[in-house]
Amino acid sequence: MSVSSKIRLYDLAKELKLDTKRLIEEVRREGVDVSVPSNSVSKELAEKIRTNISPRRKLSLSVVSES
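In this text, residue positions in the sequence shown follow this note's numbering: the first is 1, and each later residue adds one.
Calculated directly from the structure, the hints in this document are not laboratory data.
Note that this is a predicted model, so its numbers are computed, not measured.
Hints should not be assumed to be uniformly reliable.
Said to hold, decoys possible - Mimicking DSSO-like on lysine-lysine, the simulated pairs with C-alpha atoms at most 27 Å apart in a straight line are:
hint, residue 1, residue 2
1, Lys6, Lys21
2, Lys48, Lys14
3, Lys48, Lys17
4, Lys43, Lys14
5, Lys43, Lys6
6, Lys17, Lys6
7, Lys48, Lys6
8, Lys43, Lys17
9, Lys48, Lys21
10, Lys21, Lys43
Work the whole structure out from these sequences, hints included.
Next up, the structure:
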């Protein structure tokens with residue numbers, strides 16, 4: 001696997017506006033052993049995490065805006 005097919009956790013966390021600790025928990029739930037934000041994950045796993053996080057973010061934002 002080449003370097004360009006991976007993404008660092010801190011870059012993904014920044015993109016998703018998540019705390020890196022929270023992102024590490026999400027990645028571990030997917031069965032990948034990561035320990036620090038400088039670890040990398042495959043672009044495929046990053047895309048899976050994006051789709052998992054996005055619906056939750058939209059839901060939480062809509063609940064806040066309705067209040």
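Status of each hint after checking the structure:
no.	hint	verdict
1	Lys6 to Lys21	holds (19 Å)
2	Lys48 to Lys14	holds (16 Å)
3	Lys48 to Lys17	holds (16 Å)
4	Lys43 to Lys14	holds (15 Å)
5	Lys43 to Lys6	holds (5 Å)
6	Lys17 to Lys6	holds (19 Å)
7	Lys48 to Lys6	holds (13 Å)
8	Lys43 to Lys17	holds (18 Å)
9	Lys48 to Lys21	holds (18 Å)
10	Lys21 to Lys43	holds (19 Å)
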